[in-house]
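Take the given structure of chain A and dock chain B to it, following the hints.
Given next are the chains, with one letter for each unit.
There are 2 protein chains.
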Amino acid sequence: MKFCSECATPVVVQIPADDTRERFVCPACGTIHYQNPKMVVGSIPVWEQDGVVRVLLCKRAIEPRYGYWTLPAGFMENNETTGQAAQRETEEEAGANIQLHELFSILNVPHVHQVHLFYRATLLDLDYKAGVESLEVQMFAEKDIPWDDIAFPTVSHTLKFLFADLAKIRDGAGSYGVHALDIFKPMRSAT
Amino acid sequence: MKFCSECATPVVVQIPADDTRERFVCPACGTIHYQNPKMVVGSIPVWEQDGVVRVLLCKRAIEPRYGYWTLPAGFMENNETTGQAAQRETEEEAGANIQLHELFSILNVPHVHQVHLFYRATLLDLDYKAGVESLEVQMFAEKDIPWDDIAFPTVSHTLKFLFADLAKIRDGAGSYGVHALDIFKPMRSAT
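Line by line, the protein sequences are chains A and B.
Position one of the first sequence corresponds to residue 303 (the numbering used here), numbered consecutively onward.
Position one of the second sequence corresponds to residue 303 (the numbering used here), numbered consecutively onward.
Next comes chain A alone, as it looks inside the complex:
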């Protein structure tokens, strides 16, 4: 941020009164321009047939991570709920008709100022199709998940949480949980 979005004066970086952090502040009109984390919200669309659970993944047609696989998800918009955001992103990216269930995972990614939320969902039919942000959309059983080609750690962790819960449920030893994880930036090698 270089200029005040209210009066076009160049902003300065300073700690406002009664604050403890540096902010972009307008020296002319006094507006404090706070910057806060964004929420990325998506779904885990599941189809179960003949005892096999398959999850719908999208191959990204956009950067970052073009060509890698992801769950349908995207930035939450103003004037919608997290559930509406999950449903909208699933429709936009995968053309999929889903019934949304409970919140399943919440993953902090503080170094990119994001919080990712994923909701469990059931596919209502198999009429899915790639949206403009996807190259293709495909269902995968656990053994076929392209683990090395998953776009983001929040997605691979969420898929692992899902299959772990499903294994427990299959053994009659559990139910779906709400899974929380903080993903910090990997330390760079010193060499």
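It should be emphasised that the hints constitute simulated quantities derived from the structure, not laboratory data.
This one's a predicted model, so the numbers in the text were calculated from it and none came from an experiment.
Ideal placement from N, C-alpha and C gives every residue a C-beta, glycine not left out.
Hints may be right or wrong, so weigh each one.
Claimed, not checked - Keeping only pairs whose Cα atoms sit at most 27 Å apart, straight-line, the calculated DSSO-like set for lysine-lysine is: (1) B:Lys487 <-> A:Lys340; (2) A:Lys487 <-> A:Lys340; (3) A:Lys361 <-> A:Lys487; (4) A:Lys304 <-> B:Lys340; (5) A:Lys445 <-> A:Lys361; (6) B:Lys470 <-> A:Lys470.
What the hints assert, rightly or not - Residues from chain A that keep clear of chain B, each with C-beta distances beyond 10 Å, as calculated: (7) Gly332; (8) Val348; (9) Glu350; (10) Gln401; (11) Glu438; (12) Val439; (13) Ile447.
Just chain B, lined up with the frame of chain A:
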């Protein structure tokens, strides 16, 4: 938003290519200024003694809702996790030392572009004290909660979820859940 924060040109409102929503767009440098919901994160600090559970509330020293009671909470900052945000706000507003537990409630407030998250917490001692944004800080048993003077619906719903879970746990019939609620703007009366 009136001016581009990158180049100070007056922005226009338009739907960018491959988008479906109106955004503030700079006609000079092309920057799209997305606006997204913010997260308000807090804790539910609890102290149990002689079988009575008390919750720590703060009387607000700032607008909006000056003089009303709230759980310690505030806007999540960049570079922190939701758990760190809950712990920081509890320290800042109530001077309270807590052990943070699981996520307890997630409440959408789409008409103000906010998502509120509250984490369960245990007070580690009674050395709490009002921070600069609080007039006073006090513990309340369920029967003493000032229900008519709670600052925000997300706080009163979270407190009700808490006491309902505690009643179930006392009866040996449950455990803490993760509670989700969407709070839409009340319809205005037609008269």
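So, going through the hints one by one against the coordinates:
1. B:Lys487 <-> A:Lys340: With Cα atoms ~22 Å apart, Lys487 of chain B and Lys340 of chain A stay inside 27 Å; holds.
2. A:Lys487 <-> A:Lys340: holds, 17 Å
3. A:Lys361 <-> A:Lys487: holds, 24 Å
4. A:Lys304 <-> B:Lys340: holds, 22 Å
5. A:Lys445 <-> A:Lys361: With a Cα-Cα distance of about 18 Å, the restraint between Lys445 of chain A and Lys361 of chain A holds, given a limit of 27 Å.
6. B:Lys470 <-> A:Lys470: Measuring from Cα to Cα gives roughly 25 Å; hence the hint holds.
7. Gly332: Given a closest Cβ separation of 15 Å, the condition holds.
8. Val348: Per Cβ check, Val348 of chain A is outside 10 Å of chain B; nearest 19 Å; holds.
9. Glu350: At roughly 24 Å from the nearest Cβ of chain B, Glu350 of chain A sits farther out than 10 Å, so the non-interface label holds.
10. Gln401: Nearest chain B Cβ is 15 Å from Gln401 of chain A, so the label holds.
11. Glu438: holds, 18 Å
12. Val439: Its Cβ never comes within 10 Å of chain B, the nearest being 18 Å, so this holds.
13. Ile447: holds, 26 Å
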